[in-house]
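Asker: These protein sequence lines map, in sequence, to chains V and C. Residue 14 in our numbering sits at position 14 of the first sequence; the count goes up by one each step and never skips. Residue 398 in our numbering sits at position 74 of the second sequence; the count goes up by one each step and never skips.
Derived by calculation from the structure, the hints in this document are not laboratory data. Some hints could be false.
[To be verified] Using C-beta positions, here's what the derived DEER-type ranges look like: (1) V/Asp128 x C/Glu399: 37 to 47 angstroms; (2) V/Glu68 x C/Tyr469: 37 to 47 angstroms; (3) V/Ser145 x C/Glu379: 19 to 29 angstroms.
[Stated by the list, open to error] Below, a list of computed lysine-lysine pairs in the DSS-like style, where the Cα atoms sit at most 30 angstroms apart: (4) C/Lys438 x V/Lys86; (5) V/Lys86 x C/Lys472; (6) C/Lys409 x V/Lys86; (7) C/Lys413 x C/Lys762; (8) C/Lys409 x C/Lys468; (9) C/Lys391 x C/Lys762; (10) C/Lys391 x C/Lys669; (11) C/Lys472 x C/Lys409; (12) V/Lys86 x C/Lys762; (13) C/Lys411 x V/Lys86.
[Said to hold, decoys possible] Some chain C residues well away from chain V (every beta-carbon gap over 10 angstroms; in silico): (14) Asp384; (15) Glu388; (16) Val396; (17) Thr416; (18) Phe436; (19) Pro499; (20) Arg514; (21) Asp580; (22) Glu675; (23) Thr679; (24) Glu706; (25) Asp731; (26) Glu738; (27) Ile741; (28) Asp744; (29) Thr746.
Please read these numbers as outputs of a predicted model, since none were measured by experiment. Don't be surprised by glycine CBs; every beta carbon is placed ideally from N, CA and C.
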Amino acid sequence: MTVNELTRGPALTAPVSGAAIEPPKKRRTGSSPLAAARGLIWVLPAVALLAVFVYLPLAQNFGFSVIEWDIYTGTQTFIGLENYQKIIEDPVFWSALVNNVWYSIISVVFQVCGALVLAALIESLRSDRWRKAFRVIYFIPSAISLTVAGLLFYFIYEPRLGLLNAALDGLGVGELGQAWLGQENTAIFAIIAMSQWQGFGYCTLLFAVALQRIPSELYEAAAIDGVGPVRRFFSVSIPLVREMTGLMMIVTVSGAFQVFNEVMVMTTGGPNNSSQVLGTWLYRSGFVRNDFGYAAAIATAIFVVTLALALAQLWISRKRRVEW
Amino acid sequence: MPTLRQTGLAAMAAAAIALTGCAPQAPAATADLTAEPQYSGTLSILTKFGGEPLESYFNDLAVEYQKLHPDVEFELIQETDQSIKDKTKTLTASQALPDIYFTWAGNWAENFVKAGLAADLTEVIEPGTEWGDTFGEASLDAFKYGDKYYAVPLYNNGKFMGYNERIFDEAGVQPPTTFDELIDACGAIRQAGYEPIAFGNKDGWPALHYLQQLFAYNVPAETLQDDFYPETATWDHEGYLTSLEQFATLVEECTDTGADSNGVLYTTAQQALAEGRAAMYYQEILEFDSSAGEGTTVAGDGFGIFPLPAPAGGEGDAGAIEGSPEGYIINAGSERAALAVDFMKFATSVENAATLSAPPYGQPSAVIGSVSDQNSSPAVVEGIELVNDASSTVIWLDSVTVPDVADAWLAGGEALISGDSTPEEILASVQAASEGAK
């Protein structure tokens with residue numbers, strides 16, 4: 001019997017009871033300084049690429065954020081933290097941030113929680129053919145580019161000719177019809193809805209893959225213990241896809257703070273800046289209002305927010321790794 | 325002795341300059357426009373003719389020019405109305421502007437002039453020169469800053485209400501001559517079963533076109549000009565509030581989309597006129613051949629135009645028409661400036677100007693005599709004549725003002741339509757933007 005086989009025993013029952021599982025302790029292998037140096041040489045190209053294409057632009061962006069830059073004359077004036085002060089006083093920045101927060105909350109609900117439930121439902125189907133069919137059906141929207149999906153939904157939302165208002169009319173609730181993208185209180189939510197439709201299937205597919213990796217013996221053992229499907233989902237599936245859930249949370253929340261294309265295609269941030277998100281406000285500040293220094297300050301703010309969220313999520317999920 | 329804070333700021337400033345790694349643009353070399361062109365090398369051109377049907381115009385020009393000068397190569401960067409804004413700014417910021425590049429009149433062109441990025445064309449194009457006399461003087465003046473000329477006007481433009489003559493007959497209305505008559509006509513047209521004015525403001529600027537024309541009617545020209553520049557702007561004339569209220573009335577009384585108009589594309593509105601579902605659509609001359617071209621319902625019904633009627637009692641110029649030519653700047657730093665001038669002379673020759681003015685392009689050339697019954701549609705000819713006869717012209721609100729103010733108007737126009745802001749609130753936001761831009 002191998003070490004792995006030995007560790008499998010307790011893991012079969014532990015998740016059902018919710019107990020934490022200690023990973024097998026690995027013996028630390030000693031390494032000489034020469035071996036360490038050799039290892040460094042192997043990672044050096046990747047580090048160099050990261051430095052040039054990630055960290056240097058980050059530093060440069062911060063450099064731009066403390067200057068006032070006239071793109072026409074090329075003159076640069078150091079203004080210290082004035083652009084950051086401007087961020088604090090800018091109401092559009094804060095409404096854009098709120099829109100991003102809405103984006104991330106709704107995305108977590110649909111693309112993490114909803115997608116996990118849907119993936120579990122699909123994977124619980126007995127027919128292999130139907131499982132495959134549903135995976136494809138839900139994944140298809142993700143194969144459409146965001147720009148195309150944005151245009152498609154623009155026409156669905158069109159107030160007079162659009163499919164949505166026509167459908168509401170057909171259902172006898174025509175009074176609920178709106179200019180979904182043309183009203184300040186609905187524009188951002190209409191965009192978010194499109195985004196969920198587009199990203200939902202991709203997350204479902206990833207969760208389906210994670211669920212497939214769970215050994216069937218665990219479900220069988222739970223079933224023998226008299227555990228029903230709902231309890232199996234909460235006590236077996238969720239704990240064992242925790243890593244994937246954590247990853248999806250990071251990807252979804254970070255993505256929600258970097259959203260750009262769909263807003264540009266559908267509303268360009270209007271009406272009256274009501275659907276601006278940080279990415280589009282950055283773009284508008286730079287390329288429309290010619291304030292590239294301020295745009296760089298917004299970029300720094302986006303970086304700080306997404307980095308903080310990612311670190312927080314990593315920290316929260318650091319001790320929850322489950323192995324079997 | 326410097327304090328810790330001063331030292332910190334100095335270090336931060338040094339780091340910022342080192343990190344951004346950008347140097348001010350080198351002073352532009354003085355382009356010698358009168359030199360004999362060297363007919364070799366690559367001429368780069370940034371156009372606003374991306375997409376069909378316009379894209380082939382510069383392609384064909386390049387082919388024809390190469391037949392005359394086989395050693396000249398072309399690098400054409402063809403962008404659309406929207407994308408050219410980003411492209412131009414990216415090229416400007418990276419100090420990579422082409423030899424010839426598109427410009428709007430107003431603040432857009434002025435930025436390049438002030439920065440020394442536009443060649444002074446006075447010597448070759450001012451009125452009285454051989455080339456300059458081929459253009460209407462007003463077209464040249466649109467790109468005159470101080471006493472110098474900085475761009476070659478390629479085509480003229482103006483904004484008019486296009487209407488369906490059959491629907492007007494059915495509704496028993498005549499082209500209105502006052503703003504009140506227009507509002508009254510809307511009621512009659514609606515009773516006849518048609519949408520009076522098709523309107524789509526998804527892009528924001530269609531509202532600004534109405535507003536700028538109303539400003540020209542309601543605000544004295546001198547006040548309006550002062551307000552375009554943050555240094556002299558106050559934006560406190562009561563004509564602005566009147567104009568905003570009039571526009572709100574027009575949206576409410578004359579459009580079917582009303583407060584929902586921000587969710588409708590201007591091309592959807594254009595289509596409503598073309599298909600005979602709407603009686604009117606406010607449009608640029610450049611759009612005439614699209615919205616009322618061959619094969620459209622409105623072309624069969626009869627397509628007419630009239631300026632947006634002026635309200636009674638306005639303090640501005642009731643004979644003003646909104647519109648301005650669009651043109652091309654020659655890069656002050658271009659090594660092929662003389663060749664660029666030669667190419668633009670070729671592009672604005674009578675023959676090529678006539679081609680530009682004719683369908684499918686339908687861009688009324690700024691060259692005198694190039695727009696005629698022989699090569700252009702009757703509406704284009706009439707539109708150009710009305711622009712030429714106008715007592716004054718006003719440049720588009722979003723290109724004549726500085727970007728912050730234009731952006732405030734854009735957001736304000738949308739908020740007025742959706743009913744989320746009052747005219748007073750909108751004007752206050754514009755005043756704040758203008759104050760911030762000083």
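Asker: Is it the case that C/Pro499 keeps its Cβ farther than 10 angstroms from each residue Cβ in chain V?
Answerer: For C/Pro499, whose nearest Cβ neighbour in chain V is about 26 angstroms away, the distance exceeds 10 angstroms, so it holds.
Asker: According to the definition I'm using, a residue is off the interface if its beta carbon is farther than 10 angstroms from all beta carbons of the partner; does C/Thr746 meet that for chain V?
Answerer: Its Cβ never comes within 10 angstroms of chain V, the nearest being 13 angstroms, so this holds.
Asker: Do the alpha carbons of C/Lys472 and C/Lys409 lie within 30 angstroms of each other, as the hint requires?
Answerer: Given pair C/Lys472, C/Lys409 holds - Cα atoms ~24 angstroms apart, limit 30 angstroms.
Asker: Holds or violated: is the Cβ of C/Thr416 farther than 10 angstroms from all Cβ atoms of chain V?
Answerer: Violated, since 5 angstroms does not exceed 10 angstroms.
Asker: Can you confirm whether the C-alpha distance between C/Lys409 and C/Lys468 stays at or below 30 angstroms?
Answerer: Judged against 30 angstroms, a Cα distance of about 21 angstroms means the pair holds.
Asker: Between V/Lys86 and C/Lys472, is the straight-line Cα distance small enough, at 30 angstroms or below?
Answerer: violated (38 angstroms)
Asker: Beyond 10 angstroms from chain V, beta-carbon-wise, is C/Asp384?
Answerer: Correct as stated: the minimum Cβ-Cβ distance to chain V is 30 angstroms, above 10 angstroms.
Asker: C/Lys391 and C/Lys762 were given as a pair; does the straight-line alpha-carbon distance stay at or below 30 angstroms?
Answerer: violated (51 angstroms)
Asker: For C/Lys411 and V/Lys86, compute the direct alpha-carbon distance and say whether it is at most 30 angstroms.
Answerer: holds (27 angstroms)
Asker: Hey, does C/Glu388 actually stay past 10 angstroms from chain V on C-beta?
Answerer: Fine: 33 angstroms to the nearest Cβ keeps C/Glu388 off the interface.
Asker: Non-interface claim for C/Asp580: all C-beta distances to chain V beyond 10 angstroms?
Answerer: violated (7 angstroms)
Asker: Verify this label for me: C/Asp731 is non-interface relative to chain V, using a Cβ-Cβ cutoff of 10 angstroms.
Answerer: violated (6 angstroms)
Against the hints set out earlier in the document, violations occur for numbers 1, 2, 5, 9, 17, 18, 21, 25, 26, 27 and 28.
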